[in-house]
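Peer 1: Can you build the whole structure from these sequences, using the hints too?
Next come the chains, spelled out residue by residue.
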Amino acid sequence: MLNKLAQRFFKHIDSFLISCLLFTLLVGLFVLYSASGQSFGRVSAQVINISVALSTMWIVANIQPQLLERIAVPIYVLGVLLLIGVALFGDISHGARRWLNLGFTKIQPSEIMRIALPMMLAWFFSKREASPRIRDFIIAALLLAVPVAFIMKQPDLGTGLLVTASGFYILFLAGLSWKFLLGGAVAIGALTPVFWSMLHDYQRRRIEILIDPTQDPLGAGYHTIQATIALGSGGVTGKGWLNGTQSQLDFLPERTTDFIFAVFGEEFGLIGNIILLILFSLIIVRGLVIAGQAQTTFSRLLAGSITLTFFTYGFVNIGMVSGILPVVGVPLPLISYGGTSMVSLFIGFGILMSIQTHKKLVASG
Amino acid sequence: MAYSNELKNHQNELHHFRLRLTVLGFLVLIAFSVLSFRFYFLQINRYDYYQTLAENNRISIVPIAPNRGLITDRNGVVLAHNFFVYTLEVTPSKIADLESTIAELAQLVEINSVDLKRFKKLKAQSHSFESVPIRTHLNEVEAAKFAVNRYRFPGVEIKSRLFRHYPHGKMGAHMVGYIGRINDKDLIKLAENDVLSNYKGSDHIGKSGIEQSYEAELHGTTGFQQVEIDADGKAVRVLSSTAPVSGNNLVLSADIKLQEIAEIAFGERRGALVAIKPSTGEVLAFVSMPTFDPNLFVDGIDVENWKLLNESLDKPLINRPLRGIYPPGSTFKPFTALAGLEAGKRQPPFSISDAGYFMLPNSSHRYRDWKPGGHGNVDMRRAITISCDTFFYGLAIELGIEKLTDFVRHFGFGQKSGIDIAGEVGGLLPTPEWKQRRFKQPWYKGETVIVGIGQGYTLATPMQLAQATAILANKGVAMRPHLVSGITNSKTGVSRVNPTAVNNTILLNDKNLDIVKLGMIDVTLPGGTAASVGANAGYSIAAKTGTAQVIGIKQNEKYNEKLVNERHRDHALFIAYAPAENPTIALAVIVENGGHGGSAAGPIARKVMDYYLLGKLPIVEPPKEIKLSPPAAGSNAADPNPPIENAPEEEHYD
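In order, the protein sequences belong to chains P and Z.
For the first sequence, the numbering used here gives the first residue as 13, with consecutive numbering after it.
For the second sequence, the numbering used here gives the first residue as 13, with consecutive numbering after it.
Please note: incorrect hints may appear among the correct ones.
Said to hold, decoys possible - Under the rule of at most 27 Å between Cα atoms (straight-line distance), these lysine-lysine pairs were calculated in the DSS-like manner: (1) Lys415(Z) / Lys447(Z); (2) Lys129(Z) / Lys319(Z); (3) Lys118(P) / Lys197(Z); (4) Lys357(Z) / Lys415(Z); (5) Lys219(Z) / Lys197(Z); (6) Lys201(Z) / Lys135(Z); (7) Lys201(Z) / Lys165(P); (8) Lys201(Z) / Lys132(Z); (9) Lys523(Z) / Lys447(Z); (10) Lys197(Z) / Lys165(P); (11) Lys269(Z) / Lys182(Z); (12) Lys118(P) / Lys201(Z).
Said to hold, decoys possible - According to the in silico footprint, chain P covers these stretches of chain Z (three or more CB under 8 Å from chain P): (13) 28-37; (14) 42-52; (15) 59-66.
No wet-lab data here; the hints were simulated from the structure.
Keep in mind it's a predicted model, so treat the numbers as computed, not measured.
Built from N, CA and C at the ideal position, the CB exists for glycine as well.
Peer 2: As structure tokens, then:
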């Protein structure tokens with residue numbers, strides 16, 4: 013009886029995916045405990061974040077993909093309206109306008125776009141009967157550009173780039189022609205020097221610092237320098253949990269959020285890093301399998317985009333902390349402290365599970 | 013047929029999709045391989061290097077503050093420079109018991125509560141391994157005392173830091189401005205402008221005057237050293253170093269000698285003077301009296317001095333040229349005159365017979381002239397010379413308020429001059445729309461009458477009056493007024509000229525300009541309202557006197573200078589340019605509660621012009637220590653610049 017109840021409760025939960033996620037979350041809590049200077053308060057706050065995120069995931073997993081398809085357009089429109097609201101009435105903190113105060117709560121509409129944009133584009137391509145043409149891709153690019161422009165303007169470079177990536181994956185998976193991709197790459201390559209020559213000196217300097225933060229060791233470069241020292245001094249086996257000297261001292265900034273991977277890498281070393289990459293890979297592979305087995309164009313595209321966006325978040329964050337990518341404010345998924353990003357991440361996983369567990373039996377042709 | 017086609021398409025689509033998914037899968041593989049290689053490089057290949065850095069030493073990035081640029085006057089006289097002082101600095105991370113260390117230090121050198129307060133604030137803003145000053149301006153004896161006892165205080169050291177100094181003290185303080193400690197507001201602004209990292213090593217920032225508005229030029233670029241520090245936080249080795257780049261030096265268009273002559277000429281009186289070179293817009297002197305010592309602000313002003321300055325009735329901190337607003341009074345008349353002439357009204361030989369008052373049709377109200385009984389036969393030129401009110405009352409009414417204000421607005425009334433220091437106010441040029449907006453009342457004709465002679469709601473800053481005079485002197489070509497004439501790159505020594513720019517050009521008829529000019533020249537000749545100012549000048553002066561009421565006077569009351577409280581006496585105004593034929597200086601002077609423009613403000617202008625044009629120094633008067641008036645007891649009743657609430661009545665003296 014109890015067994016049956018449990019079975020019904022977990023009917024729409026993908027057991028492989030949830031196992032990988034829970035294990036990674038657990039690792040994350042241990043790292044957070046160390047990174048926060050052994051603060052139980054921080055850890056319990058994160059446990060609450062995780063609980064909210066998991067509950068949201070459960071609810072989303074129980075929604076039929078068809079319903080998601082139907083609400084794609086309204087959610088996208090709402091998201092764009094909220095972004096316009098932010099641009100007009102948003103609260104400013106740390107020099108950026110990202111939050112919208114609704115009176116009873118504050119929301120960050122760019123996080124909604126992380127899910128809403130891929131849903132919208134997947135819906136758009138699922139409505140094309142024949143293979144999509146160039147015209148369709150142009151419309152899709154516009155649907156992508158509008159919210160991205162608002163997010164970039166806030167300014168939130170990190171989220172803007174990642175929302176762009178999530179949209180790009182849909183375009184690519186929907187069959188954007190190779191010629192077009194190649195042409196685009198060549199065009200960007202050719203236009204870069206022209207664009208560069210049009211910039212002011214100080215604008216060039218900002219881009220140079222973004223690409224190579226060590227040029228500004230008092231500002232952006234400080235993070236990178238300290239993070240590479242922390243990582244490098246971790247060695248093969250790491251200094252052990254709670255023993256990272258760099259991370260425990262005041263040297264490492266943002267060490268519970270964007271730079272938490274430096275703490276992880278210092279304390280668990282190369283072995284820990286590889287294990288984390290393997291965990292991420294398992295989650296990604298499972299997501300790709302779900303996408304490959306999905307039955308409708310909408311589910312396929314959406315599952316593919318969600319999975320690859322997860323990958324992109326992880327890659328950009330780890331790349332930035334280990335000093336091979338520019339510093340853009342992107343948290344490490346499943347590990348970094350934070351509520352909003354955790355919830356939107358698990359809405360994505362909920363969608364993956366919904367797609368996987370709501371499949372109908374059809375005759376394969 | 014159609015069905016199978018669709019099915020085939022579906023198959024095809026799925027195949028394509030999976031192919032592309034595989035491509036992306038490979039992308040993930042490549043990306044994670046790149047990361048693994050990076051880990052291998054950092055954690056195995058370079059392990060020893062980073063291990064050493066992390067375990068035995070720590071890397072610290074030490075900012076090196078740049079030298080702030082110098083400010084000199086047009087002749088190279090230094091107005092702001094930097095000098096080294098000894099500071100006693102504490103590195104909190106190296107000290108076990110901060111409290112007792114400070115207590116012990118206090119036995120060697122004096123550390124008062126202000127020092128302590130500042131130290132705590134700075135400490136909260138810094139990393140624990142950064143050194144924070146606990147005492148500044150150590151003298152030689154104190155420095156030596158500490159040096160002997162240094163062994164007792166690990167983590168405490170003497171450093172030399174650069175301090176800003178204004179060698180001329182009070183002179184030109186409102187123009188040069190001052191720097192002060194960076195506060196939270198400054199930090200927010202710096203962050204917004206994306207220059208926060210350039211201020212990592214800086215404690216000070218421009219707060220007013222040139223120091224503030226040219227902050228970006230003066231500050232320079234912060235250098236840094238990447239140093240290894242040992243477990244005690246001592247620097248072991250410099251890994252890399254980038255030298256700071258000093259800020260750029262500024263050359264002002266002002267002449268500090270001219271400034272000095274003007275300030276001494278003011279004596280103990282309050283007021284303002286702005287002198288401009290009409291052909292370029294260069295500001296030659298910028299006087300606000302009384303003034304203050306900017307050196308007091310550099311390291312945070314103490315409470316006593318602050319109280320003295322802030323609460324003084326004389327308001328020395330107010331930048332009068334830019335923020336003092338005064339009714340322009342009769343100095344407005346040349347502009348009303350030009351407005352009339354350009355509109356084709358009052359062209360010679362037109363004249364009126366002045367009986368001493370003006371009346372609007374259907375009204376018994378008499379707008380009186382300052383001279384009871386009137387001036388007799390008056391044409392335009394003479395109207396300016398003798399400052400005939402009746403003449404301009406009629407002209408203003410005939411022009412109408414719109415035409416009059418539209419014309420004089422081109423001379424800068426009612427708008428900011430755009431001078432290159434901040435804080436300027438725009439004055440007020442009243443229009444019917446403005447009055448409707450401000451008071452929800454219609455415009456009355458009588459108000460037009462008094463606007464014609466610069467009374468009523470009209471308000472102007474000394475800067476605006478000087479600029480308007482300069483435009484008049486430059487025959488309608490308005491130059492952008494500016495204090496900084498050149499900027500020298502401290503590294504390359506290359507100077508660039510702060511460009512002179514034409515703000516706008518007013519098309520004026522030369523004939524009309526000549527009439528106004530001749531009228532203004534006559535002002536300084538026998539028979540004019542400022543005849544004494546022009547006596548034995550050796551060059552011709554075109555000028556206009558003015559008087560602005562501080563308190564309103566009722567219709568049948570008489571103004572008696574002797575009976576009125578000193579602070580309720582009229583403000584004296586004077587505008588002039590010289591030499592009248594080919595002007596190289598235009599100026600405006602206001603002496604608060606000075607009485608008559610010709611006798612109170614005129615002589616100051618004359619001394620300035622004498623020095624500028626002839627190099628003549630005024631006869632030396634024994635210097636007097638200027639004392640500030642004490643604060644008014646518990647009231648602010650006697651504000652030197654009371655907002656003009658009641659439109660002054662028609663009567664005034666000139």
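Peer 1: Within a Cα-Cα threshold of 27 Å, do Lys201(Z) and Lys132(Z) meet the stated pairing?
Peer 2: holds, 23 Å
Peer 1: Per the coverage rule (Cβ-Cβ under 8 Å, at least three residues), is the stretch 59-66 of chain Z covered by chain P?
Peer 2: holds (count 6)
Peer 1: Are the Cα positions of Lys219(Z) and Lys197(Z) separated by 27 Å at most?
Peer 2: Holds. Lys219(Z) to Lys197(Z) sits at ~11 Å (cutoff 27 Å).
Peer 1: Can you confirm whether the C-alpha distance between Lys269(Z) and Lys182(Z) stays at or below 27 Å?
Peer 2: Holds: Lys269(Z) and Lys182(Z) sit about 13 Å apart, inside 27 Å.
Peer 1: Take a quick look at whether Lys197(Z) and Lys165(P) sit within 27 Å of each other, Cα to Cα.
Peer 2: holds, 24 Å
Peer 1: Would the pair Lys118(P) and Lys201(Z) pass a check requiring their Cα atoms to be no farther apart than 27 Å?
Peer 2: Distance of about 25 Å is within 27 Å: holds.
Peer 1: Can you confirm whether the C-alpha distance between Lys201(Z) and Lys135(Z) stays at or below 27 Å?
Peer 2: holds, 21 Å
Peer 1: With a cut-off of 27 Å on the C-alpha distance, tell me whether Lys118(P) and Lys197(Z) pass.
Peer 2: holds, 26 Å
Peer 1: Below or equal to 27 Å on CA atoms is what counts here, so check Lys523(Z) against Lys447(Z).
Peer 2: violated, 35 Å
Peer 1: Quick check: do three or more residues in the stretch 42-52 of chain Z have a beta carbon closer than 8 Å to a beta carbon of chain P?
Peer 2: holds (count 8)
Peer 1: Given the proposed pairing of Lys201(Z) with Lys165(P), does the C-alpha separation stay at or below 27 Å?
Peer 2: With Cα atoms ~19 Å apart, Lys201(Z) and Lys165(P) stay inside 27 Å; holds.
Peer 1: So is the stretch 28-37 of chain Z in contact with chain P by the C-beta rule, three or more residues under 8 Å, or is the coverage claim wrong?
Peer 2: holds (count 7)
Of the numbered hints given earlier, the model fails hint 9 alone.
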